[in-house]
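Student: First to last, the sequence lines map onto chains A and B.
Each step along the first sequence adds one to the number in UniProt numbering, with nothing skipped, and position 130 is 130.
Each step along the second sequence adds one to the number in UniProt numbering, with nothing skipped, and position 238 is 238.
Some clues are possibly wrong.
[Stated by the list, open to error] Partial list, computed: chain B residues near chain A (C-beta under 10 angstroms):
| no. | residue |
| --- | --- |
| 1 | T91 |
| 2 | D92 |
| 3 | V98 |
| 4 | R102 |
| 5 | T202 |
| 6 | I204 |
| 7 | D241 |
| 8 | P242 |
| 9 | E251 |
| 10 | W280 |
Keep in mind that the hints were calculated from the coordinates and are not lab data.
Using N, Cα and C, we set each Cβ at its ideal position, and we do this for glycine too.
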Amino acid sequence: MRTVDLGALGLDRGAHLLVRHALAKAEVGARVQVRGSDPALAIHLRAWARARGHGFEPGPPPIVIRTSLEDGRWCGAVAAGHAARPSEQASASWGLAARGARVEAGLVPLEFPLATRDEIWTDDAARLYARAAAAQWDPETAINWAASCELPDAVEDAVVQVMTYLIENEVAALIIPARFLARIHPHFREILQVLAIQAADEARHIEVFTRRALLKRDAPGLSTVGGQSSLRTLLEEPDFALASFLLSVLGEGSFLSLLWFLAEHGPDPITRQITTLAAQDEARHVAFGLSHLQQHAAREPGLRARMANAVEQRFSALQHTAGLNEEVFDALVLLAAGSWEPEAIARGFDAVVALRQDMDRGRRTRLARLGFDAEAAERLSSLHTRNFM
Amino acid sequence: MRDQIKPNQIVLGAVAYDPKVVTIWEGFKAYFADQDLGFDYVLFSNYERQVQAHFDGVCNVAWNSPLAWLEAERLAARVGRKARAVAMRDTDCDLTSVVVARAGSGIERVEDLRGKTIAFGASDSPQATLIPLGWLASQGLEPGRDFNVVKHEIAVGMHGDHVGGERHAARDLVEARVDAAAMIDANHLAFGADGTLPTGSTVIVGQTPTYDHCNFTVLDGIDAALLDRFVNLLLGQSFEDPLVRPLLELEGLKKWLPGRTSGYALLDDAITRLGTINAWLDTASANSDGQSS
Ligand SMILES: [Fe+2]
Ligand SMILES: [Fe+2]
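So that you can see chain A by itself, here it is in the shape it has in the complex (with noise of 0.2 angstroms):
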């Protein structure tokens, strides 16, 4: 007869684990003898095998009798797909199991709106929340706060009003992955992750751009209707791929030379370096959008057709209001100049325009990527809102 030795450990200190371990080995209808030295051992294991379901003999030693009632529970549980590679399909009876773990039977199916991988998955989304991981950075430690930044009035509103105007794109820019990823299966944990850790960036730039806004003025600038419709259409897009292509595609990728224009051209060193460190982040948002999309093309030939409608359509939506506003546009102009001086706005106003043309260049280079011809990508870049994001 098969013997497990409890020592002095009574169950109610966690021998039951020393027992529970001996049954699973034995097989059904196997008698264990229980030795050890509690004098409650054989009043304890009574109650324990009892509540479990096991037979109990009061010895002494008393004797645990193996049944399967308590293996009953792994019958039927499924696999949650494998662990290294997610399923077509992720099926709402899995709920919000680790991928590839067993699943009891019976649970209450948990619905995601987003379960189909080819609508959503990405062989780079690892390799991408791997190296986002890996770049985060600190708002308090990775910026100079005490940098000197004395700057003429006007220049420094100048830079206030495109803060401001930063930080109501980034919070569209936070709350759009963030309402997808509470919509995605979890089963694709590498795009909850992706996703997740995009929120976060999102979050930091909201923190450094406010903190400059701040940094010598008591409130940020101007908050346009304009401006706030076009994020409107933004957050309105129910398609997971669409409101990825608009806001990361193209959305994104225009900021992204937005943002490289404030790390030239920001006259203090503050502003350079929190538009230099957001920069790198939004790369990476791009780089995601743009995977994801272009898996999800080569599986849906009707997607390219929808993307471009969406654009025509939020065009449409968008053409009777202001576009980006006059204090956002003539800001850029004199925190590009840095003075006052004709001459040194006339550069700022140069520099505007080649701003304005690099983020069509980089629209079109990406709407090429996703595999529009030439004239495609030419007509929806210039179709794209004219707030940039």
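Following the hints, put chain B with the ligands in place on chain A, whose structure we already have.
Tutor: Here is chain B with the ligands on its own, set in the frame of chain A:
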């Protein structure tokens, strides 16, 4: 009242000792509906009301505590009816209760309890009061005469289904308000694991012989085919079935067993000795006679 039960319908009586009772029987109701068995339930605030209602025809099956079973059995005998236990939980077979003392108090054997004070659960708790009292008496220790009895009258009428009485008795012991305490074996284990009884702080002075707990009780007159169907559905419930498993887990069993009445002798002796239900029985039998005439 009897007419309230539709033909071919099981109306189960159960005592609402905990809010989860609603979840349990709602779950069973849905399960039986899926199996095309007409099933409903009525909840009672105490077992005496349930037993009386069972005899009055408010329900035709009662989920009875062991004391309620004996109440039904004795009432049936008085009024010329017949009670039967038709099914029970596997976890309700072969329970024991223990009497424990503080380690190092010098109390090690039952004889050492003479002249001491012992904490129990509620007056109507089979496991924490009646069976231990009866068993101590059988060992020559008469309650009140040979030791002092401290009861914890928590949820009287629920026959000890509420764990509160036993927990209070255990605390009394740890905090030295009493010399010993009675509880069911599983609670001695649970109180040790959750720290109510610190490890090594108690010694087991004695353990009762085994006894059984709840059963589904029916009275004569229930439709035999209907009852068969109900019992067979219960006995057929498998822990392997993911639809049934949550119900069995809530109700605390792995499988249903056919009812047996061989495990109620200890309690029967105890209540005979203590006269626990005599007064109730007089009233209830008078009521039931009035009902049937
Ligand atoms: Fe950002
Ligand atoms: Fe971003």
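Student: Which of the numbered hints above does this structure break?
Tutor: 4, 9 and 10
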